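Protein chains in written order, with the numbering used here: chain A, -11 to 593; chain B, 65 to 391.
Heads up, a few of these hints could be off.
Distance ranges between label pairs, derived from CB positions [claimed, not checked]: (1) PRO462/A to ARG306/B: 57 to 65 Å; (2) LYS256/B to SER42/A: 47 to 55 Å; (3) LEU238/B to ALA59/A: 30 to 38 Å; (4) TRP252/B to THR142/A: 39 to 47 Å; (5) ASP165/B to PRO462/A: 25 to 33 Å; (6) THR142/A to PRO151/B: 37 to 45 Å; (7) ALA239/A to THR73/B: 32 to 40 Å; (8) VAL472/A to ALA326/B: 41 to 49 Å.
Some chain A residues close to chain B (C-beta under 8 Å, calculated; not the full set) [claimed, not checked]: (9) PRO159; (10) THR178; (11) ARG181.
Computed list of chain A residues with no C-beta within reach of chain B, every gap over 10 Å [what the hints assert, rightly or not]: (12) ARG331; (13) GLU355; (14) TYR545.
The hints are simulated quantities; they were obtained by calculation from the structure and are not laboratory data.
Every value quoted in this text rests on a predicted model; they were computed, and no experiment measured them.
Where a beta carbon is used, it is the ideal one built from N, C-alpha and C, also for glycine.
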Amino acid sequence: MSIHTLRRGRTAGVSIALAGALLLGACSSGGGGGAEDGENGEEQSAPEELTSISFGDEAASTGPAEEVPDAQPGGTVNVFEDVPPDHLDPAQIYVQHEQNIARLVHRGLTAVKLDNDGNYTVVGDLATDSGQVSEDGLTWTYTLKEDIFFADGTPITSADIRHTFERQFAPFITQGPTYIQQWLADADGTDYRELLPEGPYNGDHLPDSVLETPDERTVVFHFSRPQNDLPYALSIAGYAVVSEEHDTQEAYDQEPMTSGPYRIEEHRPGRSMTLTRNEHWVPETDPTRNAYPDAFEISFGHSQEDSTARLMADNGENRNGISFSNGLDPGNGPTVMEDPQYRERLVEGYQSFVWSLAINMDTVTDERVRQAIAYALPLNGILNAYGGSIGGQYTASMISPLLPGYQPDYDPFGKVANPQGDAERARELLEEADAVGFELSYVHHTAAEDQQAAVAIADALETAGFEVNRSEVPPETYYDTIGVVDGGYDIYRSSWGHDWLSAGTVIPPLFDGRQIQDGASNYSHLNDEHVNAEIDRIRGIEDAAEAAAAWVELDAYIQEELVAAVPGFAYRQTIMHGSMIGGAVFNDDFGTVDMRRIYVIQDES
Amino acid sequence: MLRFLMRRTLGAVAILLVISAVTFFLFYAIPRNPALLACGKGVCTEEQLAIVEHNLGIDKAIPVQYWEYMVGIFAGRDFPAGHCPAPCLGFSFRDNRPVLDTIMDRLPTTVSLTIGGAVVFLILGLGLGMLAAARRGTLLDKTVSSTSLVLSSMQIYFLGPLALAVLVYNTGLLPQPSDASAFTEEPWEWFKGLLLPWLVLATIFTANYTRMSRATLIEQLQEDHVRTAKAKGMSRPTVFFRYAWRGSLIPIVTIFGIDLGALFGGAMITEVTFSLHGLGRLAVDSVTQSNLPMLMGVMLFAALMIVLFNIIIDACYALIDPRVRLG
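Next comes chain B alone, as it looks inside the complex (with noise of 0.2 Å):
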């Protein structure tokens, strides 16, 4: 299980590699200059915008910056702005900021909306699937699959401001989103002030979760060893819980890992319908911005989010079948 691990750790540290030299390079693809932006128009004189190059740190050639980065991401870096600790992803573009204070301030809008997202579809998801193929073929289960199918073809886009527009503006039903108040701080405040956006997430995602473990449930229920367990007068709760659902799990831990590698890199369209800050809006300014620092932090985050899941995955295969460790 240590070596797997390890193996696996080194294969992301790769990707992440790779990753990061790709935002990098692609960045520099765009005929922008990013110190245009942070110098107004006749107020620097040219020997100016070669100091803001220099204190942006984009006066070197550009595989010199990458490396420049690379190294203050392990061992931190010296700015005309001050010094960054490791690890360091250098201070934005923007306003000067160190770019880990920025995903660290919006980090905790993107956990809270993906964990209490993943609960609620993963709830509602997996239970109305199960439902779904112990009933099979009755109008429940039809019912069931046609409303996920309608479900899944849903966008947030569409979906987000139209439950805005009926359950908050019009009827006051639900409370008006935010993200303004900490779990830690005012737990109450937090869980109202996400609890819409939540339920939007889930229902797109729900969709999916109900589709996919009804599908996989059934293909279980037909597996031999199921049959097997029935043959043997096992009860009817044990053979599906304990043989076929188990059975079905693989392929839903791996959507789910995928799903939530994803959405801890932000949720792009849900932040903004919501006006939430989370780590996807960030993403979207830092490109609109030519912030590079902070695009390439949000980026190496999610990627690393996505690597970490996979990890997570793999383990868990190892977990809920063992011919996973002995391959």
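The shape of chain A in the complex, shown without the other chains (with noise of 0.2 Å):
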């Protein structure tokens, strides 16, 4: 088995088990959410693409959430994963597979809603809506339902908000995301800890001009700068309320108050999960999650071989089984695809991370050089590597296909269209740039489709009039290693995907100038003078739909007239399911099966 890292959004710097989702099905039902189970159809189609995403009023943030056709409540639903959780706190969890499991425990102030017509929209979860924003966007006013707890029974107020945050800065969280306390700091990188350096542990607090809670159920956030992106941002898990009663700070990663509708009946770390229901949870609060099983076993240490195999026996407590992690295992994948009888218990849709490569500016200087390792680069060699056209899926933009205004057509090298890559013309720009012979560094790591991407990789290159110098890190520095600005590579893989559905959390983390220091992911070290003031007014447009445009022109322009970095291929995921289980659908923002909607049939007739 092979573990694949990968980064996700701004900060993660932590490995995502995704061999499964590596190798995986291009056939079933779309993204997109809307296809239940046997809506697959024969006919193979890609997911489809958002247009967009909408912010939910105080009517679309009341539960219970929307029936999903045909659902029992009831049943016991078993999940086989790979890697287990290694964190619990909401502050500690941002990697993939933790997400998933955080979605049924943990509550924040808004959520993702996927409703059954496969639309999306940003509603209150522990908040009445999806925030109020004032005038001159500065300024976010939420204000907390009534009737939610904590697993516990104590009511979750205001205080329990305020502290989710602040702790937010302290010393040992070290794995969350940091969207929120950059933006409340106005600070870049790791900056935004000289706001609170110790958390709200010594009595220290965030000022009312940052964070203010005039009574028990209201909060505002104050920015020095507009936050369009907010409720996307409250939906991840890393932003779930912490109960500042129960906070027992670094082991609080153990034993966490839940709020959601399961509570964590045992944990067994590495081997096993058992959640059971909330009794506290009111499903009136909640727009989001259905939760029709009474329980969760989820167990670890499944390979995707393993998995995959339970699942397409189908027999006993397989029937019940679903992975939340776990793609299809190359070994079986095609045979599943091909015969009806799986076919109809899959979910396929893309995962959040876009493959590319990345050109370093302060050393290839000459664009015509960036044009010829674009041009030059076998997309279908480097695809093959990661499982091939059940893996992924080519694109010639660093935006996934799963965000809102996604050209699926554009392909500004002819690359798509021609994934083999373009030898000659890559020659010619040499010649043009007289730089045939152009030496170039590259870095990799060494997990086995990194290795076999390289060796294509390099091929092709030394074809076209390169000289490649290769080398090797383990996959647990790969990153760091990159990171360095002045660590000498010219060329290195980046696979980078959204935090939410939105290209806020890819382009301004991937190319704004201004980040650019050792550790930040400007990989291409590119510093444009339009890119970086098209972030700032992008950043600005209010309007869901404008700013998406936006971040898709402002791609294009990174791509064609900057050869920053070439995207390679989006990566695809395909879960498949026990004959007992009910509701399946994929969730875009998830980038995996929506475990919030799933069900167990308890009547085969």
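These two chains come separately, so use the hints to put the complex back together.
Structure representation (structure tokens):
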């Protein structure tokens, strides 16, 4: 089994087991969440692209969640996962497999709702709506719902919300998202920590000018600059509520006080986790979680071969089985996708990640040389290393197909049409630049797929006229290696994923020139005045659709005019489930099945 | 006997010290910083990275770290995450839980897998070996011998998935392997869950024990004291079991002790094949996650098992063959 390391959003330097995700199917239902079981059809179709995502008002934020057709409450879902969660403290949760579990046990101020028609809406989860913003866009106000409780029955108040955000600054919080802390502190990188260096534990608090809780149900965020993505950001698990009363600091990571429809009945680290109903969860307050099953029995340590074999067998307890993170294994994948008896039990879509090759703008200064790299790169050889056509789909954009505004036909270098690369055109450009024999220092990591892709990349570049010096590092230090500004490398892979359905979590972290520093994610070291100015401008656009279109336009400018990176493919995910699982749909926001909607079929007739 | 055991115990302690030192220092030969794994990129300042390194106890010189680790085993230690009572194996880098707790959580699976598998492969292996030796040269002997040869060349990573596909997924003859049930709480579920892993493990080991017991029995049956017993008119079963079989046990006990010690240290491939959560899998995960305290804990435990079973083997020698004691 191989483990692949990807980065999600701005700060994830941690491993995500995506072995399953990399060897996936290209059939069955589309993304967008609308396709239920049995609607996969015979024809293969690409997942749908989102046109927009809206913010929900109080009515849209009122529970209970829309009923899933034919759903039945009760039963136990058996979840077969590979990698166990290292963290249960919301503030430490960032990687995908941990978020998948967190969505069942933790709640935040907002959540992304997926309705039966496949529409996505950011709605209030603990809050009454997705947020009220001031005229100048600097102040966001949230009002907490009534009848919202932690699993021990204590009510959730604005004090808990304040504490949730203040403890994000504490020194022991080292893994979670940093968006809102940076926005509150109006600081880049890790400078936000200076706002509350010890967190709330020494009696210090964020000033009311930053975070205000005037009464038990009101929370007010004050920013120095408009933060139109706040409702999205609040929906990620890393910002779920933490109980002030039960906060045990580091120990909270092992025994958190949950607030979702399920509580952690038993947790045997590395082995299993049993989720049972939280009797204090009030469905009428929750517009996104149906929570039909009585329990989830989650077991860890299942390779994708094992989980696929169990779900193909569809016997005994495997009939109630599903995986949130394991995709299909490469051996059985083609069979599963060909055979109708399996196909009707698949949900498929894109993950948030896009594979790209970053080009160091400091060392590869001639645009023609960068264009030559782009033309030479063999996307087919690269994608084959990651599972071939079932592992991903070619793309020429840094913006995932999941994001609003994605242009499926965009292909400035003709690479999607000719994924084998154009060595002749690359050589022409090198000759034009008098750079034949240009030496490229290329670093990749030691995981099997990265090594295999590196061979294809190096071969193609050398065929085009480059001299390639390859070196490799362990996966866990890979992003630290390429994050060193003066690291001396010219090209390196980066797989970047959005944190919510906005390219505002893709373009700025990858290409904002003001964020070039050791450890930052502008791997290309691109510092372009137009790009920087556009990032500021687009961030200020309130209309989500308009902002999405602007991000796409800026992405095209970066690809065509600057060639700071060469996108390769968008990762795909195929999830299989047992025959007694109903309501399984792919959730584009999660990049996997929507675990909030699934149910156990109680009556086979 | 007491002196013998004391001498062996002292030797075992020395071996464990050497193993712990080698593991500890080799770990740091790998160019990896565990603190980076505990610190998301862009989340930690350099100061915070230093705090993480301090919390993990990796901010000191390696010999000092080793000394503190060894002291912790006998006297306990204090960590930022809390006090770790003796025998303290530290806290996991990965999830900040006590290493000993995790090892104790995984131990029942390893013990269940080992003992159950050993019972099966000892009964089958010795039984078939005796049968083949008693019927030497017959069709039965040839069949058992050749089958053993084939089975001994099998590998668990091949036989395991094959058995799963045929016996569990395709025919449903055997239940899904699982280590979720405890012997003390749900013995029947425990038995069902481990039946297939036992059978697969036993298939591989049985072949070796069959071949060995056959060979040693045949050798013993040709010994002078066995011939004398026959000449004195003793019954065939008495000659076979009292004289020949007992004499053939020493090499079998030797191999069994080594196998048992190794299995108690973790049957990694078997555990991965059947998605079981034993010490072998824990060791592999610790390596890939640069989790030194966990790796040290599992390595020390595995070494302890091997050393312990070697002492038991030596003691068994003395019981089986009085000449060992005299020596």
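Verification of the supplied hints:
Our hint of 57 to 65 Å for PRO462/A and ARG306/B holds, since their Cβ atoms are close to 60 Å apart. Checked against the hint of 47 to 55 Å, the C-beta distance between LYS256/B and SER42/A comes to roughly 51 Å, which is consistent with it. At roughly 34 Å, the beta carbons of LEU238/B and ALA59/A sit within the given window of 30 to 38 Å. Between TRP252/B and THR142/A the C-beta distance comes to about 41 Å, which sits within the given range of 39 to 47 Å.
The hint said 25 to 33 Å for the Cβ distance between ASP165/B and PRO462/A, and at roughly 28 Å that hint holds. Distance hint check for THR142/A and PRO151/B: the Cβ-Cβ separation is about 39 Å, which falls inside the suggested range of 37 to 45 Å. Distance hint check: the CB atoms of ALA239/A and THR73/B are about 38 Å apart, consistent with the given range 32 to 40 Å. For the pair VAL472/A and ALA326/B, the supplied restraint of 41 to 49 Å holds, since their beta-carbon distance comes to about 43 Å.
With 8 Å as the threshold, the beta carbon of PRO159/A comes within range of chain B, its nearest partner Cβ sitting at about 6 Å, so the hint holds. About 4 Å separates the beta-carbon of THR178/A from the nearest beta-carbon of chain B, less than 8 Å, and the hint is met. A hinted interface residue such as ARG181/A counts as satisfied when its beta carbon comes closer than 8 Å to some beta carbon of chain B; here the least separation is about 6 Å, so the hint holds. At roughly 18 Å, the least C-beta separation between ARG331/A and chain B is larger than 10 Å, which holds for a residue marked as non-interface.
Distance check for GLU355/A against chain B: the nearest CB is about 29 Å away, which clears 10 Å, and the non-interface claim stands. With a cut of 10 Å on Cβ distances, TYR545/A stays outside the contact zone with chain B, its closest approach being about 25 Å.
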